[in-house]
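Heads up: the protein sequence lines correspond to chains A and B, in order.
Note that the working numbering has the first sequence beginning at 1, numbered continuously upward.
Note that the working numbering has the second sequence beginning at 1, numbered continuously upward.
Read the hints as simulated data drawn from the structure, not as lab findings.
Glycine included, each C-beta is placed from N, C-alpha and C at the ideal position.
Some hints could be false.
Claimed, not checked - Heads up, incomplete: computed chain A residues facing chain B, CB under 8 Å, no partners named:
| hint | residue |
| --- | --- |
| 1 | 13 |
| 2 | 15 |
| 3 | 25 |
| 4 | 45 |
| 5 | 49 |
| 6 | 77 |
| 7 | 101 |
| 8 | 108 |
| 9 | 110 |
Claimed, not checked - With beta-carbon atoms standing in for the labels, derived distance ranges:
| hint | chain 1 | residue 1 | chain 2 | residue 2 | range |
| --- | --- | --- | --- | --- | --- |
| 10 | A | 88 | B | 102 | 50 to 58 Å |
| 11 | A | 62 | B | 41 | 42 to 50 Å |
| 12 | A | 22 | B | 53 | 48 to 56 Å |
Unchecked claim - With the C-beta cut set under 8 Å, the calculated list includes, among others, these residues of chain B facing chain A:
| hint | residue |
| --- | --- |
| 13 | 10 |
| 14 | 12 |
| 15 | 13 |
| 16 | 25 |
| 17 | 28 |
| 18 | 42 |
| 19 | 61 |
| 20 | 73 |
| 21 | 79 |
| 22 | 89 |
| 23 | 110 |
2 protein chains.
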Amino acid sequence: MPDHLSNTFSALADPTRRAILARLAAGEASVTELAEPFAMSLPAVSKHLKVLERAGLITRGREAQWRPCKLDAAPLQNAAQWIEQYSRFWEQSLDRLEEYLNKIQAQATTKIPTPNKENPDASGSK
Amino acid sequence: MPDHLSNTFSALADPTRRAILARLAAGEASVTELAEPFAMSLPAVSKHLKVLERAGLITRGREAQWRPCKLDAAPLQNAAQWIEQYSRFWEQSLDRLEEYLNKIQAQATTKIPTPNKENPDASGSK
């Protein structure tokens, strides 16, 4: 059974491949155009493109000379759906952080009372 | 510079590691408990846990005997945010699919008109 999710995550586990996808988000590009910003050889870029193509993240045009690469986001949607199952965990973490910050803020307010001239009793100096 | 996103995606690019995360989503577990459903040796599971730990996806308890593993979803949130940049692409694809389905449905309705007894002119048999 081909494991599409593993192929997708594996393809994304490289900064050059993620940069190639970011470039293709702006529109189709040839291998030469994709190689330019990376100071990489064409074979090195082609190797990355093969990984992306195998993962279904890009498609290539059919003409032999000009085979533009095009982003295909469908596997990204599956990857996003898989990760989203865990969103309640990071939302919980944020809730707990907020709770903690409120608590230490409340403690700080209790320890360092604002001087209150209208009610000298509140200063604790009595 | 450590490449956190690559570490996260690389850790997720394995079905056993994703299954371990799914198990930990239900609560903390020891290595022995994690190994049970996989019919894997403890060293093999430990190796996967090391990858997950290095990626920051799990934390381990400190006691030597019972070192429960715990899910840490923070790296997943970063991964989700990276992928979400591309959501407009899969939404566009869905829009285009809907457009296409509407179009072929409209064509089908035109080609096979419903017989209309109250208005025989509409049947086209005149």
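Status of each hint after checking the structure:
{"no.": "1", "hint": "13", "result": "holds (4 Å)"}
{"no.": "2", "hint": "15", "result": "holds (6 Å)"}
{"no.": "3", "hint": "25", "result": "holds (7 Å)"}
{"no.": "4", "hint": "45", "result": "violated (18 Å)"}
{"no.": "5", "hint": "49", "result": "violated (17 Å)"}
{"no.": "6", "hint": "77", "result": "holds (4 Å)"}
{"no.": "7", "hint": "101", "result": "violated (17 Å)"}
{"no.": "8", "hint": "108", "result": "violated (26 Å)"}
{"no.": "9", "hint": "110", "result": "violated (31 Å)"}
{"no.": "10", "hint": "A:88 - B:102: 50 to 58 Å", "result": "violated (36 Å)"}
{"no.": "11", "hint": "A:62 - B:41: 42 to 50 Å", "result": "holds (48 Å)"}
{"no.": "12", "hint": "A:22 - B:53: 48 to 56 Å", "result": "violated (29 Å)"}
{"no.": "13", "hint": "10", "result": "holds (4 Å)"}
{"no.": "14", "hint": "12", "result": "holds (4 Å)"}
{"no.": "15", "hint": "13", "result": "holds (4 Å)"}
{"no.": "16", "hint": "25", "result": "holds (7 Å)"}
{"no.": "17", "hint": "28", "result": "violated (13 Å)"}
{"no.": "18", "hint": "42", "result": "violated (23 Å)"}
{"no.": "19", "hint": "61", "result": "violated (18 Å)"}
{"no.": "20", "hint": "73", "result": "holds (3 Å)"}
{"no.": "21", "hint": "79", "result": "holds (6 Å)"}
{"no.": "22", "hint": "89", "result": "holds (3 Å)"}
{"no.": "23", "hint": "110", "result": "violated (31 Å)"}
Hints 4, 5, 7, 8, 9, 10, 12, 17, 18, 19, 23 from the list above are not met by this structure, while the remaining hints are.
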